[in-house]
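Number of protein chains: 2
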Amino acid sequence: MPELRKDPISGRWVIISTNRGKRPSDFGRTIEERRGGFCPFCGGNEATTPPEVLAYRNPNSLPNTAGWSLRVVPNKFPALQIEGGLHKVGEGMFDKMNGVGAHEVLIETPKHDMTIPQMELKDVENMFWGFRDRILDLKKDERFKYIMVFKNHGSAAGASLEHPHSQLIALPIVPLVVQTEMEGASTYYNYKDRCVFCDIIHQEQTMQARLVSENDDFIVICPYAPRFPFETWVLPKHHSSVFEDCRKGEYTNLARALQQTITRMDKVLQDPPYNFIIHNAPLHEEHEVPYYHWHIEIMPKLTKVAGFEWGTGFYINPTPPEDAATFLREIDI
Amino acid sequence: MPELRKDPISGRWVIISTNRGKRPSDFGRTIEERRGGFCPFCGGNEATTPPEVLAYRNPNSLPNTAGWSLRVVPNKFPALQIEGGLHKVGEGMFDKMNGVGAHEVLIETPKHDMTIPQMELKDVENMFWGFRDRILDLKKDERFKYIMVFKNHGSAAGASLEHPHSQLIALPIVPLVVQTEMEGASTYYNYKDRCVFCDIIHQEQTMQARLVSENDDFIVICPYAPRFPFETWVLPKHHSSVFEDCRKGEYTNLARALQQTITRMDKVLQDPPYNFIIHNAPLHEEHEVPYYHWHIEIMPKLTKVAGFEWGTGFYINPTPPEDAATFLREIDI
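Line by line, the protein sequences are chains A and B. The numbering of the first sequence is the UniProt record's numbering, which starts it at 1 and goes up by one. The numbering of the second sequence is the UniProt record's numbering, which starts it at 1 and goes up by one.
Derived from the structure by calculation, the hints contain no laboratory data. Treat the hints with care, as some may be off.
Same chains, same names: a pair is fine if it fits in one copy or spans any two.
Heads up, simulated SDA-like pairs for lysine to any residue below, C-alpha to C-alpha not over 25 Å straight-line [claimed, not checked]:
#: 1; residue 1: Lys88; residue 2: Ile316
#: 2; residue 1: Lys96; residue 2: Thr326
#: 3; residue 1: Lys248; residue 2: Val174
#: 4; residue 1: Lys192; residue 2: Gln179
All of these numbers come straight from a predicted model, not from anything done at the bench.
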């Protein structure tokens, strides 16, 4: 059973994989060796993954066979284990609990050689419907306090398989980064009686300098104080703290905004590896909170930029967001 | 002039290099091309760096000529600029100030092909004396609130030059990571009336499982909830919140502890790239605070491990610290 351990100084929880611990010789081997070889996520290879927990499939097809357009399966090598109680316990002065949680993989398409820019718009939209369906199911589990939804694209961004996929991790704790964001947004709201994200949207629409694009429901900006070069956020214009509450039309426009943004990045930065993360309110908050605003943060991983930041937690960004936004906005797509 | 900008949600300050902004084509080029070519840090090339602000040198030698064993120079491409006022100002809802600060490079030895394990113990000790001398000088400047002292070793860890060197950055703000640490330590102290780090030292000495080594003044441990595999901390046994207050004998034992630890890492992990950071109390705190305890955090950068963490700020560590400590403790050095 993996463990969740709390750093007694910062209060940060980390997952420690106690049962598949990596030995020194495991580092340095890249996971790319699977490239070109067998892919468990490809259509036809359904039997090689754990059984699906969700699939959008041809009504005449059977579960765990071909005939799907989107599939969600438990991660074969999960960071957390779905069964068991939390068993919160002290270890001397330290705090830990069982690494209980869900770790699922959303396979975005049965086709191996696809990227988000190459996918059909409806398949990108379905990815968001898939996230929503899984969140609605996972949040019924009272043990969970937060669901992280993210995509790693490219091995430098942490992807271990090439086939287009994203991940969900349901956690029994709220990550420190989310906690800091919630507290900051709440402090702003208490002071101004307005949502900080709504204010950001308003200001970026007025100033234009960091605006990448807009459609009826979403705005894409390079944020004012980005940690990383070409860091880009996609925010709903309509205030909502809950990603899974989107109406159907909104997911189409979200898919359009995300696909266009990654197309822009691919053209400006030559297909960079990237991470995107859905920042969503923790579970068990009041259903809608006025001070928080869900959004997506996209971070291209540009070679050798992150060494210093990784070590220190302090960020030096060599590309002003106004420059990044100009490059992204002006590229032909 | 670079800018310090504050993220309005998290309160995190980031440095934005507005004047030497990186364009898309600047990414992807590694900085390794200097390898084997001319090195400005080598003995004899003193004229190619900015003039030294500190040197330990042969009393008969002239400044900025050969004859030194340690040299500190301003960074030729500083992230911050030393001249000017802070000029704190709003930009609509956002907050910024001039990127005023010092960015210095400490050249640890005139010899190019050296690593900390290969250096003479007295040269490693001098590195710490050099940090101390520069901190004592920089802290006279009322504009500065924090001095970051760190080393990037290897290009994957962010080093742009191979020659052994470390860096000091004096900042007009306290980084969020330091603020979180100070607040956490202070909360613990208010509750327990003891320093959390002193308690950690006591517990690790008792339990032994995460202990790497000890000498008269320092203890080396893998922390209970490490973010990264083989993350290792060096802590003074004697409570102190201020690195620069060490007595002379302490720096010898600190040099011994650091050199041995990196030697262990080099053997166990085959010369990994790494970062180390001195965690020190902010300036202008009361001179000694009972709740904070300065220390060094060393993080080997093990290939491809950090992609997910980099993007999400949430850490999954595949190596339990008890395993890491065992490998490091048991290797022959």
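Going through the hints against the structure:
no.	hint	in the structure
1	Lys88 with Ile316	between (38 Å within a copy, 19 Å between copies)
2	Lys96 with Thr326	between (46 Å within a copy, 21 Å between copies)
3	Lys248 with Val174	neither (28 Å within a copy, 44 Å between copies)
4	Lys192 with Gln179	both (20 Å within a copy, 24 Å between copies)
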